[in-house]
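Taken in order, these protein sequences are the chains called W, S and B.
The first sequence runs 1 to 222 under my numbering.
The second sequence runs 1001 to 1265 under my numbering.
The third sequence runs 2001 to 2227 under my numbering.
None of these hints come from the bench; they were simulated from the model.
This list has only true hints and no planted wrong ones.
Derived Cβ-Cβ restraints for the label pairs, each shown as a range:
no., chain 1, residue 1, chain 2, residue 2, range
1, S, D1236, W, W17, 37 to 43 Å
2, W, L48, S, K1109, 43 to 49 Å
3, S, Q1139, B, Y2209, 46 to 52 Å
4, W, L9, B, R2124, 48 to 54 Å
Below, simulated DSSO-like cross-link-like pairs (lysine-lysine); rule was C-alpha separation at most 27 Å, straight line:
no., chain 1, residue 1, chain 2, residue 2
5, W, K6, S, K1263
6, S, K1262, W, K6
7, S, K1161, S, K1130
8, S, K1161, S, K1143
9, S, K1163, S, K1131
10, S, K1055, S, K1077
11, S, K1136, S, K1216
12, W, K6, S, K1058
13, S, K1136, S, K1163
14, S, K1109, S, K1161
15, S, K1161, S, K1216
16, W, K6, S, K1055
For every residue, glycine included, the Cβ atom is placed at its ideal position computed from N, Cα and C.
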Amino acid sequence: MLEVFKATLPFLMHGLWITFQISVVTIISGSLLGFVVGLVRAERIPVLSLVFGGYIHVLRGTPFLVHLYFVYFMLPATGVSWLQLEAFPAAVIALSLYTSTYVAEVVRAAIEAVDPGQTEAARSVGMSAVQNLRHIVLPQAVKLMIPPMGGIYVIIIKGTSIVSVIGISELVRAGEHAAQRHPSELMLIYGMVALMYFVYCYPVLRLAKWAENKIGRIQTEH
Amino acid sequence: MKRFKRLLALSTGILSLALMGLPQAGADVVEDIVKRGELRVAVQTQGPPVSFIDKNGKRTGFAMEVIEMMAKDMGVKLKVLDYDWKGLIPAVRSGKADFLAADMTPNAKRTLVLSFTAPYLYSDVVLYAKKGMGFKSWQDVCKSGKTVAVVQGSSNVGLLKAKCSAAQIKEFAGGGPAVAQAVAADRADAGINDQASAAGYVIEYPDFQVLDGALKSWPLSFATRADETHLLRWLDNYFMLIRNDGRLDKLADYWMRGPEWKKDH
Amino acid sequence: MDWILDFYNWRVVAQFIPEFQRGLLSTVGISAVSLVLALVVGTLSAIMSLSARPWLRNISAAYIASIRSTPLLIQIYVIYFALPALPILGRRLDEWEGGILALGLNAGAFMSEIIRAGIESVERGQIEGAKSVGMNYLQRMRYIVLPQGIARVLPPLLGQTAVLIKDSSLVSFIGVYELFGAGLTLLNERLMPNEAFLTVAGCYLVIYYGMFLLSNRMQRKLGGTYA
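Next comes chain W alone, as it looks inside the complex (with noise of 0.2 Å):
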């Protein structure tokens, strides 16, 4: 058992790497595809929010794999030049996409905490929507933002082990690898993932608790 420990760490690190990568660039794009989405339908404006609604709803209500395979292959089969996504950054995008609906929800919610006592204010000395956004409320709601972003990196994190479809080696298709060389010890390695995820994840939802505690909570609703 021991050897097989040994001998499958290296991979397993090596996968954990790659899960590490995709997740934050994922959470930096989703983030900000997020956060557009919410201000949007924070602000409720007219068209888009509708169709942000709708975004938020059919990517909700499908699985990532159906997204991940819209992206890397059907988007390329138009013959589109750009659309010629190798697997890494059609994972990215595709997971981005799906984050960013959580994301959204954080957004709005942060944004409609804001007391919109403080909005009437604003908008009775003067200032437009666009500088209240930016003066007043998006400096408090950005604060309100940041814990539960903690809880989203962790469904990030462990939603990566998707994109193993499209061939990229992360931290749960290394580990099949090597199941699949020592099928015997299946167990020994899928406990291997579950503590490295652990060790990646754990972190993260202590900062984010951290985090509340000091910033307080949001509501996230709709």
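Got chain W sorted already, so can you dock chains S and B onto it with the hints?
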């Protein structure tokens, strides 16, 4: 509710338009391969002995060695695209890969969609089970009250339904090792897989045995997009050549007909 | 309707209706039971996490942290393969029970956090009012706090339910034939990924829509309000 319905219709409409994208209309892909100097092959890392990652982290297996030979004899570089079973077909249909190098069985319905080479090998399908269960041949398991575990989505599912219908059939995601794990944990009475994989599991799990008799001998082939006739002929020709000079048999004996490969990989 | 056949051959899909029915029934059944389990476990855990007694809070916190930090697949494997025969049943859990238990415990951890936020959002005044008319803790929880608390967080609970329904596909790793498996049967026999994946996605979307409607109805009955 109306809003949601309208939204749904809109999104589906956009989605459908996007989906109308046709796969790459083909000039001859063999010309493309020569032009770019690179052969792109989709493989499914489903496990030893066909295609897997060995204990040193190197990608190897019967299919791997065959395509490495192919690329060398073509005079081009080899780019291996690794996919899960679900991603294999779209990979070759969308043009991401030139062809697919796996142990797929070219049945009648499948050949409606892709073109398959003539079989490079025939592989026996066997059942394996724990010793001491009182099973001798595979028919002993195909009785009511017994369970047979099979890889999810495998051709063997249909085979079991045809030849072993009295037993309960359980499909397991996670490939061959998941099926072996199920048998080892007494969650199934027997597992079904090709002979080479079964021989491997018997070594890994000393209390396993391969049951007598083969349910079927599946032909195994590589596959190309339906209209790539030149590439298909090239592949068939290549198999003929390496069968003729003995290289195919050498590879098959090492990888598919016994557990020799376990020592080095 | 024939032009649709170009990218979605619904005639072929129609031949697989029995498989999709079987898979759909499986997925809906497992998701429904797991959902109930998750809500029960989640509510219990949420109440424990708000308890005055540290040991209750710690159990809840440990449960939530371990579930959230590890992949669901591993949890399913542990429950199905590593658990021995249970004394009450006299046997090991079968793949359905194991799958439901794993999914329920997993979703329960996430729902615990959501429900806790809901409970905390019920105004002090309500609790004090309830105390002053002589309600004990159990009565307060049952009639005042939980109905309002849960009603307020129905939207995030719906989101978590959507995740649960999609996560249920992982029970295919322990031998259950569910919706995704039906799609893979189609893929395996006919090599048609568009048909396989789109049908599966469509079915999941229909289930999600059903949950969405249910959640809206519950919202109206329980009288939750949005900020």
